[in-house]
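Asks: Whole structure, please, built from the sequences with the hints as guidance.
Now for the letters of each chain:
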Amino acid sequence: MSEVKKLSIICFSGDFDKTVAAFTLATGAAAVNWDVRMFFTFWGLNIIKKSKGRKPLGKGFLARAFNVLMGGRAKLPLSRLNFGGLSPGLMTGMMRRSNVATLEELVSAAKQLGIPLVACEMSMHILGIRKEDLDDNVPEVIGVATFLKYSEDAQVLFI
Amino acid sequence: MSEVKKLSIICFSGDFDKTVAAFTLATGAAAVNWDVRMFFTFWGLNIIKKSKGRKPLGKGFLARAFNVLMGGRAKLPLSRLNFGGLSPGLMTGMMRRSNVATLEELVSAAKQLGIPLVACEMSMHILGIRKEDLDDNVPEVIGVATFLKYSEDAQVLFI
Amino acid sequence: MSEVKKLSIICFSGDFDKTVAAFTLATGAAAVNWDVRMFFTFWGLNIIKKSKGRKPLGKGFLARAFNVLMGGRAKLPLSRLNFGGLSPGLMTGMMRRSNVATLEELVSAAKQLGIPLVACEMSMHILGIRKEDLDDNVPEVIGVATFLKYSEDAQVLFI
Numbered sequence: 001m002s003e004v005k006k007l008s009i010i011c012f013s014g015d016f017d018k019t020v021a022a023f024t025l026a027t028g029a030a031a032v033n034w035d036v037r038m039f040f041t042f043w044g045l046n047i048i049k050k051s052k053g054r055k056p057l058g059k060g061f062l063a064r065a066f067n068v069l070m071g072g073r074a075k076l077p078l079s080r081l082n083f084g085g086l087s088p089g090l091m092t093g094m095m096r097r098s099n100v101a102t103l104e105e106l107v108s109a110a111k112q113l114g115i116p117l118v119a120c121e122m123s124m125h126i127l128g129i130r131k132e133d134l135d136d137n138v139p140e141v142i143g144v145a146t147f148l149k150y151s152e153d154a155q156v157l158f159i
Numbered sequence: 160m161s162e163v164k165k166l167s168i169i170c171f172s173g174d175f176d177k178t179v180a181a182f183t184l185a186t187g188a189a190a191v192n193w194d195v196r197m198f199f200t201f202w203g204l205n206i207i208k209k210s211k212g213r214k215p216l217g218k219g220f221l222a223r224a225f226n227v228l229m230g231g232r233a234k235l236p237l238s239r240l241n242f243g244g245l246s247p248g249l250m251t252g253m254m255r256r257s258n259v260a261t262l263e264e265l266v267s268a269a270k271q272l273g274i275p276l277v278a279c280e281m282s283m284h285i286l287g288i289r290k291e292d293l294d295d296n297v298p299e300v301i302g303v304a305t306f307l308k309y310s311e312d313a314q315v316l317f318i
Numbered sequence: 319m320s321e322v323k324k325l326s327i328i329c330f331s332g333d334f335d336k337t338v339a340a341f342t343l344a345t346g347a348a349a350v351n352w353d354v355r356m357f358f359t360f361w362g363l364n365i366i367k368k369s370k371g372r373k374p375l376g377k378g379f380l381a382r383a384f385n386v387l388m389g390g391r392a393k394l395p396l397s398r399l400n401f402g403g404l405s406p407g408l409m410t411g412m413m414r415r416s417n418v419a420t421l422e423e424l425v426s427a428a429k430q431l432g433i434p435l436v437a438c439e440m441s442m443h444i445l446g447i448r449k450e451d452l453d454d455n456v457p458e459v460i461g462v463a464t465f466l467k468y469s470e471d472a473q474v475l476f477i
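Residue numbers (the numbering used here), protein chains in the order written: chain H, 1 to 159; chain W, 160 to 318; chain S, 319 to 477.
Since the hints were derived computationally from the structure, they do not count as laboratory data.
For lysine-lysine, the following BS3-like pairs were computed, each having C-alpha atoms within a straight-line distance of at most 30 Å:
| no. | chain 1 | residue 1 | chain 2 | residue 2 |
| --- | --- | --- | --- | --- |
| 1 | H | Lys6 | S | Lys324 |
| 2 | H | Lys5 | W | Lys308 |
| 3 | H | Lys6 | S | Lys467 |
Replies: So, in structure tokens, the structure goes:
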């Protein structure tokens with residue numbers, strides 16, 4: 001374990017509630033000076049996809065179909081009781097009323113705290129997502145070897 | 160890594176089967192003298208909510224509605240093949256017949272082994288769950304900073 | 319943290335996409351000389367069950383029913399957008415076209431890299447799965463104490 005605490009979060013699920021948990025842990029750790037990185041893979045890529053524009057994202061017909069069905073960060077489903085997509089909005093309202101940071105605020109905080117949001121190369125290949133489909137502030141697309149190198153002395157969570 | 164092995168389990172999902180896995184790992188580790196804590200957040204709060212009483216738990220209409228829909232520890236769903244809530248009962252029967260500890264027995268064992276069951280403050284705010292809605296033997300409600308402080312030299316699992 | 323990096327992956331979910339992620343991390347880590355083990359529990363046991371033969375696997379009626387409903391490695395569902403089991407096939411096609419290793423190729427690679435695929439005793443009891451229901455190359459069935467002993471100086475992921 002190195003002197004500086006490190007936290008690697010693998011954001012796999014892309015569920016609204018799990019994403020809130022991931023960013024809460026990430027920003028909380030960065031606030032107490034841990035060295036934090038977030039790795040987005042599979043459905044988690046929805047969190048860092050571009051939200052603007054009407055052109056469907058992705059390369060190839062199936063990739064585009066999957067991308068349309070999945071939507072972006074504004075349409076993450078709840079892992080339970082999603083009610084056809086109604087619940088994340090309800091929950092965001094509950095977060096506002098409780099003075100808890102919303103997901104958008106958590107993502108902004110992560111950027112301000114300098115937490116690198118890194119995309120997983122292999123799952124981008126599988127899902128046909130290109131670098132230009134991702135948010136402009138996603139600094140890196142990496143492979144599993146780079147991830148392991150970074151994480152070898154970090155706490156690692158799979159969310 | 161400290162001399163005494165530490166294990167932090169973040170119980171997020173509140174699924175019956177994942178909860179059985181979490182308590183099996185927790186009690187197994189405590190039995191060999193690891194220092195174990197379990198942190199309950201989001202749907203995982205269902206595991207440590209009061210089971211008695213007819214008054215709906217929670218603060219505010221939406222919170223109450225969510226709480227009624229989620230039920231408590233006796234109604235955790237299976238993460239798969241739940242069949243409208245039939246399967247956890249079937250599985251408990253299979254556990255009894257196999258002489259494997261049931262979930263209730265695992266929770267009792269965790270308490271006897273002195274494993275602290277800790278609730279996450281932020282998700283309680285979001286879901287409108289109050290301290291008095293939780294089991295009387297939940298000792299603490301903590302924030303993410305306290306969790307990180309405890310977990311900095313522990314193995315951490317997100318379940 | 320020992321000199322040789324160790325990685326313990328608890329394969330709980332048995333979802334197609336999460337299983338791809340687990341084997342990608344496992345084979346990637348083994349390729350850079352980490353000491354990797356994969357522990358299969360609950361739905362994850364589907365990944366290492368025998369795929370051949372028409373006799374239903376499992377001990378007892380309920381166990382057999384669950385086993386038929388779950389299918390084996392060839393029938394793992396996607397954790398999202400499964401479309402009644404259509405999607406894993408589509409995704410395998412997308413993986414082939416992207417020259418990404420398919421799940422079967424990843425499992426073969428894990429075996430070639432000498433990664434032990436270990437089964438969890440307790441969940442086999444609960445689900446009524448016997449040693450002879452598992453792939454012939456599953457070397458060990460272990461309990462939670464053995465798992466913890468191995469994992470005490472490893473990175474641990476719950477997938």
